[in-house]
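Asker: First residue of the sequence shown: 0, per numbering that gives the first Met the number 0; consecutive thereafter.
Hints are computed from structural coordinates only; laboratory data are not their basis.
Remember, predicted model here, so these are calculated numbers, not experimental data.
Just to be clear, a hint being listed does not mean it is correct.
[Said to hold, decoys possible] Computed Cβ-Cβ distance ranges for the label pairs, DEER-style:
{"#": "1", "residue 1": "38", "residue 2": "10", "range": "32 to 38 Å"}
{"#": "2", "residue 1": "9", "residue 2": "74", "range": "20 to 26 Å"}
{"#": "3", "residue 1": "36", "residue 2": "13", "range": "34 to 40 Å"}
[Unchecked claim] Only pairs whose alpha carbons sit at most 27 Å apart, straight line, appear in this in silico BS3-like list of lysine-lysine:
{"#": "4", "residue 1": "75", "residue 2": "16"}
{"#": "5", "residue 1": "82", "residue 2": "16"}
{"#": "6", "residue 1": "82", "residue 2": "7"}
{"#": "7", "residue 1": "71", "residue 2": "59"}
{"#": "8", "residue 1": "45", "residue 2": "16"}
{"#": "9", "residue 1": "40", "residue 2": "68"}
{"#": "10", "residue 1": "71", "residue 2": "82"}
{"#": "11", "residue 1": "58", "residue 2": "75"}
Every residue gets a Cβ at the ideal spot worked out from N, C-alpha and C, and that includes glycine.
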Amino acid sequence: MNIEIINKLDEIIGLIKSDKDYIRMNQLNNIIMSNKQLIEKINILKTLNTYDEKYLEMKKEIIDNPEFKEYKELEKDYYFFIKEINSRLNTLKETSGCKWK
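With the hints as constraints, model all of the structure from the sequences given.
Answerer: Given below as structure tokens:
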């Protein structure tokens, strides 16, 4: 059964990697990472107090970036998709350890 699961997981990973949304998410990631101003804002944001007015302004500027906004939407969708896959995989395991049923 382990081999069947591994083969199915490889198939799922292949399908995900060829999905247009996954490809777009990777393109957006590259665009974001090459945007020096946006990266600088993100790094500054990490140092600010979350209750500070400057934090809120900077966060709004980051979120208003169209590439960042689209990336976060796709990331959210994939998060829930992967969470569902993990949940289903966990049903295949014994509860006392990591041995497959």
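Asker: So, for every hint listed, does it hold in this structure?
Answerer: Against the structure, the hints:
1. 38 to 10: 32 to 38 Å: Holds: the Cβ-Cβ distance is about 35 Å, inside 32 to 38 Å.
2. 9 to 74: 20 to 26 Å: Given range 20 to 26 Å: holds, Cβ gap about 23 Å.
3. 36 to 13: 34 to 40 Å: Check passed, 36 Å falls within 34 to 40 Å.
4. 75 to 16: holds (16 Å)
5. 82 to 16: holds (17 Å)
6. 82 to 7: holds (17 Å)
7. 71 to 59: OK: residue 71 and residue 59 at ~14 Å, within 27 Å.
8. 45 to 16: Violated - the C-alpha atoms of residue 16 and residue 45 are around 30 Å apart, more than 27 Å.
9. 40 to 68: This hinted pair holds, its Cα atoms lying about 15 Å apart.
10. 71 to 82: holds (16 Å)
11. 58 to 75: With a Cα-Cα distance of about 18 Å, the restraint between residue 58 and residue 75 holds, given a limit of 27 Å.
Consistency with the previously given hints fails for number 8 only.
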